[in-house]
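Could you slot chains B, C and D onto chain A? The hints should help.
Chains as they are written, first to last, in my numbering: chain A, 221 to 854; chain B, 80 to 370; chain C, 213 to 571; chain D, 286 to 443.
Hints were generated in silico from the structure; no laboratory data involved. Please read these numbers as outputs of a predicted model, since none were measured by experiment. Misleading hints may appear alongside valid ones.
Claimed, not checked - No more than 25 Å apart at the CA atoms, straight line, and that leaves these computed lysine to any residue pairs for SDA-like:
| hint | chain 1 | residue 1 | chain 2 | residue 2 |
| --- | --- | --- | --- | --- |
| 1 | D | K426 | A | G788 |
| 2 | C | K264 | C | K520 |
| 3 | C | K545 | A | P809 |
| 4 | C | K259 | C | F526 |
| 5 | D | K291 | B | F133 |
| 6 | C | K545 | A | E826 |
| 7 | D | K291 | D | Y355 |
| 8 | D | K425 | D | P392 |
| 9 | C | K263 | C | G502 |
| 10 | C | K495 | C | V237 |
| 11 | D | K425 | B | Y127 |
| 12 | A | K815 | C | G251 |
| 13 | A | K815 | C | N215 |
| 14 | A | K674 | A | A755 |
| 15 | D | K291 | B | S116 |
| 16 | D | K291 | B | I98 |
| 17 | D | K421 | A | T793 |
| 18 | C | K259 | C | M296 |
| 19 | C | K525 | C | T294 |
| 20 | A | K746 | A | V475 |
Claimed, not checked - Non-contacting residues of chain B with respect to chain A, defined by C-beta distances greater than 10 Å in every case (computed):
| hint | residue |
| --- | --- |
| 21 | A233 |
| 22 | G303 |
| 23 | W312 |
Said to hold, decoys possible - From the structure, some residues in chain C lie toward chain A, with a derived Cβ separation under 10 Å:
| hint | residue |
| --- | --- |
| 24 | Q224 |
| 25 | L234 |
| 26 | V237 |
| 27 | D240 |
Glycine included, each C-beta is placed from N, C-alpha and C at the ideal position.
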Amino acid sequence: MSSQATMHLPLFLILFPLLLAGLLALVGGNATARSALAKVGSGTVAIGALALYWTTLHREAQFFAWDAVWLDRAVLTAEIAVALTLLLISLRGRQPLIALLVLAQGALMALAEWGGHAHPHVAAPLFVDSLSVIMALIIGVVGGLIVWHAVGYMPHYHHHEAQTPDRQRGFFASIFLFLGAMFALVFANHLGWLFLAWEVTTLCSYLLIGYSRTPEATRNAFLALRLNLIGGVAFASAILYIARTGGSLALNEVVASGSATALIPAALICFAGLAKAAQMPFSSWLLGAMVAPSPVSALLHSSTMVKAGVYVFVRLAPILQDTLVGLLFALVGATTFFFASCIAISQNNAKRVLAYSTIANLGLIVTCASIGNVQAVWAAILLIIFHAVAKALLFLAVGSAEHSIGSRDIEDMEGLIARRPKTALAILIGIAGMFLAPFGMLVSKWAAIEALMKGHPILPVIVAFGSSATLFFWTKWMGKILSTVKGAPPPHGPVSMEEKNAMFFLGVLTVGLCAIWPFISSTSVKPFLLSQFGAFVEFNRATILIMSIMLALIAALPLSLLYKGDKGLRIATPYLGGANVSERHLFTPSIGLTKPVAIRSYYLTEIFGERRLTRAGFIACLALLAILTVVVST
Amino acid sequence: MSAWTRILAAILFVLLSPILAGLLAGLDRIISARMQSRIGPPLLQPIYDLLKLFQKERIAVNRSGHFFLLGYLLFTILAGIEFFIGGDLLIVIFALALASVFFVLGAFAAGSPYSHIGAERELIQIMASEPMLIMCAMGFYVATGSFQVTTIHAQPTPLIATLPGIFLGMIYILTIKLRKSPFDLSTSHHAHQEIVKGITTEFAGPYLAIIELAHGYETILLLGFLYLFFAPWPLLALAALIAVYFLEILADNTHARLYWQWVLRTSWAFTAIVGAGNLILLHYLQRGGTP
Amino acid sequence: MANRTVIPFGPQHPVLPEPIHLDLVIEDEHVVEAIPSFGFIHRGLEKLVEKKDFTEFTFIAERICGICSYIHGMGYCQAVETVMGLEIPERAKWLRTMWSELSRIHSHMMWLGLLADAFGFENLFMACWRLREGILDVIEETSGGRVIFGAAKVGGCRRDVPDDLLARIPAQLNAVEDELRAITNVFRDDFSVRQRLCGVGLLSRNDAYDLGAVGPMLRASGVAQDSRLDGYAAYDKIAVEPIVEESGDCWGRTMVRIREIYQSFDILRHVLPNVPPGPVDMKITGAPKGEFFARLEQPRGEVIYYVKGNGTKFLDRFRVRTPTFANIPPLLKMLQGCQLADVPVIVLTIDPCISCAER
Amino acid sequence: MNLFRKSPWIIHYDGASCNGCDIEVLACLTPRYDVERLGIINTGNPKHADILLITGYINEQSQPVVRTIYEQMPDPKVVVAVGICASSGGIFRDCYNTKGGVDSTIPVDIYVPGCAARPESIMDGVVQALDLLERKRKEKKTRRRAIAPTPTSEVPTP
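If we strip away everything but chain A, and leave its shape as in the complex, we get (with noise of 0.2 Å):
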């Protein structure tokens, strides 16, 4: 147990988001406070979580004894607390199945707390280690640049969905709440407040999915609320095995325990984790979370929620490590990989591509984490940082073109380059950092390559056909955003000052960390790594050598556009058969005078269709559950 003085910025980081919420909710009814309120918010907790790196650099991992009777009761008030709202919202929306889940998960949790055994002890409820101050970078940086433009978009989103009734102040609220739940997800070692935290973070998607409070939105809260549920009892269960076996609810002790012990409540809160992190099956509550505002699916997608259920998946790595039962569930993130990405060939909706791409990475990231070698592990933290980055800023750079284009269909993105060339430039560097060399996304699959082949082949194979569908969408989609075919039609209404900070800073962020990642490996990643398996693979300068020139080229290219050299360059119509009038895309069609070119995408629906794939996905995911439980039942 080290000294206590860095334990104020954890604790300040989980309790200043929440004493947020709670002044949002009594005076956020006024906008102008409202937005300041949020302004500082999202800016203290990003300098807070910056600071806390900054403080933590090269440390070993710190426990926090804090020994007191009262703090656990005051845990099992707020998850009394949290139940009871549960049951009122189920209740009040006829959901009999989430009712159902939240008395099993009461019930579990009261046999876990009198069920008559020894109450087990955690001297330490709270540490830091660099796998919780990663993610609290990337809560408090991506989340507060995402709460950042929240507050130039919303505005706008009410502008544009008039009919919706304005309830920012519980919005607010509700996300300072979840950022705060989040920080104390990371930091929590005593896994009853970890379940506390993650029933928080269901709660607040819940209220976050919902908030427009049309059917469409009504009906997709609940789903999220009853898949996430489906693991919260997974997760109670877990809890209730610890309780009785006598084992403790120290997350540290659990994972040193190995597998030979803590296997069992491993399995069960990794299955938890699946359907946190909206694996197949439980992945259509993460598509149905498309009808919140933008910033609601960036913050879902990227820096919360789903990377809570990546988080578990890594920190209980050691213990999934050569088991059996962590190739099932690598196999299930492989399959969801592979089926989620084929799936967003045939999507023309730009918000369910990015849900779908989501879904996938978060299969890679959680097949990585279930091999659970070292190198493995260390592919999926740098997953985790990266799709953050990348995928925060596609939310937020889509959310803005549909303000200004007023469409999310990607095919009404055509020629985006030409007009709106920031917002173009913003979702095409969000783009190149999810799938392009050298950019950070790539680095991670290649190294994922790699530690895969020494957990089992099949894994890069299914990888490997996955990856490859997703050069296909995502290069459809900046292909689009380039193609110049239609002339511009006049932009819709203009974006914010706060939006394209945001924008800005994710940006700069996501091409920065291409350069900074051996940085990043090193100073955070590598202690971790070090604290689990007591090794860490060195990357070699070699490959770090030509990636940066790869990055330089990519770069230098843009420049050749201004040499301008190029007087012999002639201006030519495109052809088209010989039939072009003399404007660029009209031709002489058999009716009429004049009809232009229309241009669309590929969506190979006959190969990749929607239904068709997700209904195979399941199936398959279904199928490696069923053995899953199988083989930890027995």
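Just chains B, C and D, lined up with the frame of chain A:
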């Protein structure tokens, strides 16, 4: 191999590939012509064509398309350098994929319907061939324990003995990469196509020459991949490469162009069976039969 | 879904050697709609009857189309001869039959090559066209021309063919036929070719009949109809069995044409030794008065020539109803719902002769 | 080295012909004539082509098409009118919608006679076009050099 020979190999790749690829294409055209009872062009024809294209007027639909072609060429060469200098195979594959993405984006940016359809088809072709390329690297890894070309090249026994399935899969997708029938969906050199020249439709003169040049580099690089299967015995390797290339020409001359669905389905199915099958079998064999 | 690409297909397009234009509406690669546009090679040559006298007009008629040029010229002559009540010499009738069948073979072989080109089988294209040269050689030897050879004449033939040449031709034809077997086997059996032809461009028997398809199109959908049965030229003395396939797809149409090539070889083997001696043309006096039409079987199907004379050297009206024209409605029907890759193949299976259709 | 002599790529367009010359143009590509010996490829895409072969005369509807194709070809380019219709309108000269030969619409460099033009004459026409290509390129170069001092000549001055 010493560092100097590796650097020399990379330099030779950059300098000689266009000529080598040109000769290969010339030979291809002559053999094809003979198969069609024709005499065919001179051996140096592709090189004449390339040089001529550089002398043509530069025309384009807009000012941005050719910028992407530069990326295509640069990253193809970079991938080749990384390969011949003995670097990481996965990096080579990713750089190659990046190059292809640039090419496709160039065609998208050209904003013409025919090049757009060509670009979409090219994407389908990339999607069809990409898994096999990655599996090839994975096969080398399982067999040698490394992704480094130098290590793979230094194996004492030819890898074809342990990776026959991977080799077959590579031949299959080579047909896609070389744009040969039945897989010449996005563009092709000879036959008339429903999408005119597909992805290259809007690129004229020097820009077309850049594409041809990059394609030449890509061809040599892919043959380099195949060479690795026979690395310890260079003569056998040469014979195998000639045989494979002849096989590609033969396939080109004995097949109609097929549908994209067919191309995608068969190449995924075939590479999944022979490639992944080979990998998994090898994985278990190496573990001594104890899964 | 509204993700529809709209592109112009033609008039300049490498797989359509002749300019027609389609507004293609496609979804992914499925053709939703194809709206044709014509007129790029409309010459208005029917109107030329006012400027050229009826014997001279034979040359114009031969240039309705350069592929089945001879049959156009002969059909026109036949119509005029009927109006004028001329009975042409027997030898001329047999020679006309010979040249019609030679034209049919060369046209079908050319078509086979173009079809192969359309589905991207370059080697097959080259092979078909290489053999076709053998037929063109025969045509050149007998008439002096390759594609437009001007052998038709009102009242018979412009040229006689020496008997020793007639005796030599069967050997030449046999040589071509032997080599052709190997090629047509590819069309029949090759895996990739069948992938591209079988089940593509289905036209049911009823549709073919209702939409007025003619020629191999109609016969491939199971309707046994062949104008040669009407017995013009020397066909009344030759047993012609209409070649019918039931499948109604592109493969069926290919098979019909391939079998017709062999049928034409058989007919020629029967015709060549039996060409009777005698003159090949007759002297024409007067001018046509009255109206009539001739109905012939072209390689592409049934063609109708309508002639109306007023007793002067210049006809009142000349009208051709060409098979391609009749086959356009079925074509549009077939194009709906096909793949983009099938568009050239389907367009080609009607064996389009736009020059004929637009005149 | 005169590269255009070695690698002329052609494009063929049917103005308004009877098909006779068209199939003879195609026949040039096939084994008996095999123009690929001379490095000739039938590209089918104006943007890749050096030589435009036009068969048939020009009518109302094909005129803009021919113009478009000609404009889309990069310099240096040569136009070969194949057959007597393309040269002068030929037998169809008296038709009511004729615009005349190809030279009524775009500048023609080589005229190939014949009805239908035989493959041999078409090849002869193409071969005669080869030297023209190189000459045109040189001309253009010198012309550009002459114009070079006034690069703003394209911009209309107010």
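Inset, instruction - State the violated hints by number, sorted upward, taking the hints as numbered earlier in the document. - result: Violated hint: only 10; rest satisfied.
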